[in-house]
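J.: Listed in order, the protein sequences are those of chains A and B. Quick note: the first sequence uses our numbering, first residue 524, plus one each step. Quick note: the second sequence uses our numbering, first residue 524, plus one each step.
Since the hints were derived computationally from the structure, they do not count as laboratory data.
Restricting the straight-line Cα-Cα distance to at most 16 Å, the calculated cross-link-like pairs of lysine to aspartate or glutamate (EDC-like) are: (1) A:Lys526 to A:Asp704; (2) A:Lys526 to A:Asp542; (3) B:Lys619 to A:Glu624; (4) B:Lys541 to B:Asp683; (5) B:Lys526 to B:Asp704; (6) B:Lys547 to B:Asp697; (7) B:Lys619 to A:Glu622; (8) A:Lys619 to B:Glu622; (9) A:Lys619 to A:Glu658; (10) B:Lys526 to B:Glu550; (11) A:Lys582 to A:Glu643; (12) B:Lys619 to A:Asp623; (13) B:Lys619 to B:Glu658; (14) A:Lys547 to A:Asp701; (15) A:Lys619 to B:Asp623; (16) A:Lys619 to B:Glu624; (17) B:Lys541 to B:Asp697; (18) B:Lys526 to B:Asp542.
This structure is a prediction, so every number in the text was calculated from the model and none was measured.
2 protein chains.
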Amino acid sequence: MRKIIFVTGNRGKLREAKDILAAKDIEVIQNNHGYPELQEDELEPIAAYGAKWAADELKMPVMVDDSGLFIHALNGFPGPYSAFVEENLGNQRVLKLMEDETDRRATFKSVIGYCEPGGEPVVFTGTVDGNIAYEERGSGGFGYDPIFEYEGQTFGELGDAVKNTLSHRRRALDKFFDWLD
Amino acid sequence: MRKIIFVTGNRGKLREAKDILAAKDIEVIQNNHGYPELQEDELEPIAAYGAKWAADELKMPVMVDDSGLFIHALNGFPGPYSAFVEENLGNQRVLKLMEDETDRRATFKSVIGYCEPGGEPVVFTGTVDGNIAYEERGSGGFGYDPIFEYEGQTFGELGDAVKNTLSHRRRALDKFFDWLD
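If we strip away everything but chain A, and leave its shape as in the complex, we get (with noise of 0.2 Å):
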């Protein structure tokens, strides 16, 4: 079985990685180290810099996930700094930015980033774009999933099996091991 080391501390990221590569026959192994995220717009190069930070410093190859919900009405906020979002405001308060907000269209992305010890970074983005629902609906994923509606269903309604098929972190994973085989 193939294995591949996955840099995160994050556990909702951790299971549905392992859930969409148990299926391709690759084995995830979580490594805890941890990487300097840089304050960038965009996910790409924070997912590079810091594939390449950890790989030089594990003397491994390694990958990492940054991912980020981009409301469109609120110019791509949370984007980079969704998760610090999550912690510190929440869902509810993501909610209420949105009350008075028709243009509901919301782009989920996650950037896969992947380095060789030595080596140059690459990454594979996938996205899904979706809607923000007027409230949390459903108790599956994690993170923003209760409030991003995919064809009238939250993530968090839809169930991670359902989910893990079309979500922007299984066509990230996908592209990246279209490129790996």
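Chain B: place on chain A using the hints.
T.: Just chain B now, kept in the frame of chain A:
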């Protein structure tokens, strides 16, 4: 006249540092090179990392300034991501988040990072406590100044000359120049 290189792209920060340091007979020279900014919950490691990186890269002693507005009722939001939030959400949306909050307390914080090439960075923190206003008032300063109330007036109303005698940035710069001397 003593000189100090200030690595920043923020014109508001630059203008204030020039005004404050002119009174100390120090000339501030802007450098626009930029540096990697980390995602951290506190400003100190961001300023320390940036100052060291820029000093090593530019091969000269430099200062940087990482500042943020920490709103108590919002668990410190926008904090280290104040520039991104100002640019993408703006003051009106921050006021919307605070609409139903009775705890209006907020802290403005500025961290000056200083480093010489090959050396270790030092940081100096200045803070000022105030309240979030219910609407924007005044046109002085920049960024969150019109919604940050200090003893009844917003930083936007105080005017730059008064603001610069008591601001978070002034307090951090005072500490830095006490240490330099």
